[in-house]
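Chains U and Y supply the protein sequences, listed in that same order. Using the working numbering, read the first sequence as starting at 1 and increasing by one per residue. Using the working numbering, read the second sequence as starting at 1 and increasing by one per residue.
In case anyone wonders, no lab produced these hints; they're calculated from the structure. Note that the Cβ used here is the ideal one computed from N, Cα and C, for glycine as well.
Calculated Cβ distances over 12 Å to all of chain U for the following chain Y residues:
hint : residue
1    : GLU29
2    : GLY131
3    : ARG179
4    : LEU184
5    : GLY192
6    : ALA202
In silico DSS-like pairs for lysine-lysine, Cα to Cα no more than 25 Å straight-line:
hint : chain 1 : residue 1 : chain 2 : residue 2
7    : Y       : LYS31     : Y       : LYS61
8    : U       : LYS197    : Y       : LYS122
9    : U       : LYS200    : Y       : LYS122
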Amino acid sequence: MRSLGFFLEETFEGIRRHSTSSLVTFLQAFISLFLLGAMLIFIIIVNNFVGNFLNNMEMAAFLDDNLAHEQVVELQEGILDLTGVREVTYVSKETAFAIMQARTTVDIDDLLYERNPFPASLKIKVTSPKRARELAGLIGQLEGINDVAYGEEQLSTILPLFYGIELTCFFLAIVLTGVTLLIILNTIRLAILSREKEIKIMQLVGATSGFIRFPFLLEGLIYGFGGAAVALGLLAIVYRTLLTYIETHYIYNPWIVDYDLMMGNLALVLFILGGLIGIIGSLIAVDKHLKKSDYKPSISAEVG
Amino acid sequence: MPSEPVVHFQRVSLVYPNLVRALEDVELEIKEGEFCFLVGPTGCGKSSLLRCVYLAERPSKGHLRILGREISSLAPSRVPHLRRNLGVVFQDFQLLEFRTVAENVAFALQVIGAPVDDIRRKVPLTLRMVGLEDKMNMRPGELSGGEQQRVAIARAIINTPPILLCDEPTGNLDPDTSRDIVRLLSLINQRGTTVIMATHDAQIVNAFKRRVVYMENGRVLWDRDQGEYQIDDEKLRLLS
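The task is simple: from the sequences and hints, build the whole structure.
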């Protein structure tokens, strides 16, 4: 504890002495963590949107017009028993007609010469959209079912797009993290070089390696945590602005994540990532220097 | 029963990675409380011998014992702890320019985690001992060469090490200042600290009449107690 004051003094003295590279490193950490945070928000929202879409996705199993009520009930119960089916609702021909009428201003009763071509159907909600194709195949084979529609076109577009976005963001996150790590490593290396004399004296008077390392680890943490804190602050403003805009302009927005939940998740990720980048970058720089600067083993006297 | 030497070289050789043979079969014992000059021409191995003692180099061959500890089997993690028993003074002072005299001296205690109260008590006492108590708040750049070396000595002894190593401490100083520094080292020695001083200043060696160990080409050629020699000024050779 008594050394903590000394460590803090040494750390801030080091930052002050190479203030320009310290500032550059801090800015780099902030920019990287801000971009990472923005990507995370984007991924969470997209994830939510896709999840919402997939969870509300319905299959429609169109029924034979000649089915008796008991046969419909039997089909309904049979389909509900299938693994992956959450809910089955019967939609009569009349209800189907009414739904179509509601979607248009044209009097379709007149258009269709008072005939109702819309079949009765079973609206099926699934637990896992990934099983949609398989379930559609099973249900289509049941007697009394003429056809099954499950939005296969939308599914085959949205899922690959979603996975593509996630992969791109993951790749960008790795690149950003790597760049920030290298910059912190380089700044700590410069810090060590500027304090080489102090380090040499510390080694001479008997400071342990841990004691010598600690101020530089602290410095790395300051860059990481500091960058995370400022990035989080700015992301909070951005997200609050985005939420306000969406809530004002869109009545229905089920994919938006609650502000506190989003900020909680972001804070956790950014501070952990920032701290890790800071510590790892510092450790690598310090270890390399300590290994080459002190108590080198000489070679055997038998040589030469 | 004779006590174990504080520094004991037993057939120690040192070969640097560039194949330079810095020390060759060195046999040397230095007892507790001694004041020993290491003399010889430039490149004879004086600094390399001192570097072995303050654990900046590990001998390539032979055995080196410091304060009873065998260096060849010393774990790297134990090196800092053994160094706390050694004070080292260099020709170029090695002071920290951005710190005051007091801060330079305190640094040696801070980095080993000494209590703040201890530091506050010992720094002024040590500076008084080296005659710099009224220069505590000055920076090294504001001091003379002799004063800077006194600060370096203060930093080296503040932790009361049993051994003080001095590598050409008067190399950058004029003759009068050099004598003052060696007088200070003698005073420290009188208090019980073993002093080993490498120098090529024959005048100092002749003036202070201490044990002299003469080296050439990495070997100890001769070893004389005080009063048994006269060193030639120019050639650093034993005259008698």
